[in-house]
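Chemist: Listed in order, the protein sequences are those of chains E and C.
Going by this note's numbering, the first residue of the first sequence is number 1, and it counts up by one from there.
Going by this note's numbering, the first residue of the second sequence is number 1, and it counts up by one from there.
Derived from the structure by calculation, the hints contain no laboratory data.
Remember, predicted model here, so these are calculated numbers, not experimental data.
Honestly, I wouldn't trust all of these hints.
Claimed, not checked - Across the chosen pairs, the derived CB separations fall in these ranges:
#, chain 1, residue 1, chain 2, residue 2, range
1, E, I24, C, S70, 32 to 38 Å
2, C, T21, E, P90, 36 to 42 Å
3, E, C101, C, A57, 18 to 24 Å
4, C, H28, E, G131, 32 to 38 Å
5, E, A25, C, C22, 56 to 62 Å
6, C, P16, E, G23, 31 to 37 Å
7, C, D14, E, R78, 21 to 27 Å
8, C, H23, E, A25, 21 to 27 Å
9, C, C22, E, D9, 43 to 49 Å
10, C, A53, E, D9, 26 to 32 Å
11, E, K22, C, C22, 45 to 51 Å
12, E, K22, C, R19, 31 to 37 Å
Here a beta-carbon is modelled for each residue, glycine too, at the ideal position from N, C-alpha and C.
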Amino acid sequence: MSLLEADSDRLLAALRGLLAEKGIASAEEIAATVSATDAATPAQGARMVAKAWTDAAFRTFMLADGTRAATSLGIPMRGLPPLGVLENTPRMHHLVVCTLCSCYPRAVLGYPPFWYKSAAYRARAVRDPRGLLAEWGTTLPAGVQLTVVDSTASYRWMVLPLRPAATAGWSEAELAGVVRPGDMIGVTVPTV
Amino acid sequence: MTLAPGMRVRVRDDWPETRGTCHIRTPHYLRGERGVVLAWLGEFPNPEDAAFARPAAETPLYHVRFDQPSLWGQGTPGDAVVAEIFGHWLEEADT
């Protein structure tokens with residue numbers, strides 16, 4: 001019987017047994033990683049963005065060290081690649097891609113959506129980024145420069161989008177509610 | 001070699017893929033291209049060895065900015081591509 005035909009539950013049990021026996025990863029460590037992975041959703045990134053929109057000191061902290069800023073909000077980052085945060089301004093928009101594979105800031109956005117991993121997105125994000133944005137319905141105002149960040153190696157990148165106009169006085173929770181995963185990758189911008 | 005922010009660099013025009021099995025994190029479309037160092041991102045195990053479970057030296061990683069229209073001969077002036085490039089893939093650009 002080949003590996004591909006093996007019963008998956010038994011295969012998983014055998015693999016976990018070997019990892020424990022060889023001292024590579026204990027059952028507790030695996031359970032902790034599974035639970036951290038389950039907790040990683042776009043709501044975590046949205047929470048960071050909303051806090052940055054309302055707390056200038058946190059914004060500075062988050063732009064300087066995304067990993068520590070995420071940790072300070074209780075987002076598990078241990079053992080994960082460092083997180084960099086790209087600040088959109090009225091003059092500069094950022095778009096994140098991984099042309100080599102599908103590197104994605106999973107700790108704060110969860111699993112990457114299917115389109116992020118597609119060959120079409122990965123190729124066009126660097127070759128025709130404004131055409132790609134137009135298909136998402138995102139048109140940058142005149143005078144706004146675009147920086148495409150190709151996540152090629154050891155970091156993971158998220159975008160800190162611009163706070164939408166007409167959200168004055170909103171609470172952090174209300175603000176977090178308008179931040180979508182695409183806003184934190186840069187294919188879209190938050191709207192209300 | 002340590003590269004300072006603002007330094008003009010060129011990505012090595014090297015194609016290890018033609019010489020055998022390898023794992024390279026420098027995208028094809030940036031090989032041989034000129035850019036500017038934005039920041040040193042830290043030291044990370046060289047993925048070219050780590051991918052094969054070989055001892056991997058801590059290797060400097062840089063954020064490098066490239067002019068996007070120059071890469072493709074199309075685009076909007078001022079747009080950029082920024083990528084993480086390991087130090088051993090970068091050489092100082094003459095001008």
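Chemist: State, for the Cβ atoms of H23(C) and A25(E), whether the hinted interval 21 to 27 Å holds or is violated.
Modeler: For A25(E) against H23(C), whose Cβ atoms are near 23 Å apart, the range 21 to 27 Å holds.
Chemist: Does the Cβ pair T21(C), P90(E) satisfy 36 to 42 Å?
Modeler: Distance hint for T21(C), P90(E) is violated at roughly 47 Å.
Chemist: Please check whether D14(C) and R78(E) have a Cβ separation lying inside 21 to 27 Å.
Modeler: Given a distance of about 36 Å, which is not inside 21 to 27 Å, the answer is violated.
Chemist: Is 31 to 37 Å respected by the C-beta to C-beta distance linking P16(C) and G23(E)?
Modeler: Roughly 34 Å apart at Cβ, these two residues keep to the hinted range, so it holds.
Chemist: Taking the CB of K22(E) and the CB of C22(C), does the distance hold inside 45 to 51 Å?
Modeler: Violated, since K22(E) and C22(C) (Cβ atoms, about 28 Å apart) do not stay within the stated range.
Chemist: Indicate whether the distance between the beta carbons of I24(E) and S70(C) respects the range 32 to 38 Å.
Modeler: violated, 46 Å
Chemist: Quick check on a hinted range of 56 to 62 Å for A25(E) and C22(C), using CB atoms only.
Modeler: violated, 28 Å
Chemist: Do the Cβ positions of C101(E) and A57(C) conform to the proposed distance bound of 18 to 24 Å?
Modeler: Given about 22 Å between the Cβ atoms, the range holds.
Chemist: Cβ-Cβ distance between C22(C) and D9(E): within 43 to 49 Å?
Modeler: About 36 Å separates the Cβ atoms of C22(C) and D9(E), which means 43 to 49 Å is violated.
Chemist: Go ahead and decide if the range 26 to 32 Å is satisfied by the Cβ distance of A53(C) to D9(E).
Modeler: Check passed, 27 Å falls within 26 to 32 Å.
Chemist: May I ask you to test the hint 32 to 38 Å on the CB atoms belonging to H28(C) and G131(E)?
Modeler: Roughly 21 Å apart at Cβ, these two residues miss the hinted range, so it is violated.
Chemist: Between K22(E) and R19(C), does the C-beta distance stay in 31 to 37 Å?
Modeler: Roughly 34 Å apart at Cβ, these two residues keep to the hinted range, so it holds.
Of the numbered hints given earlier, the model fails hints 1, 2, 4, 5, 7, 9 and 11; all others are met.
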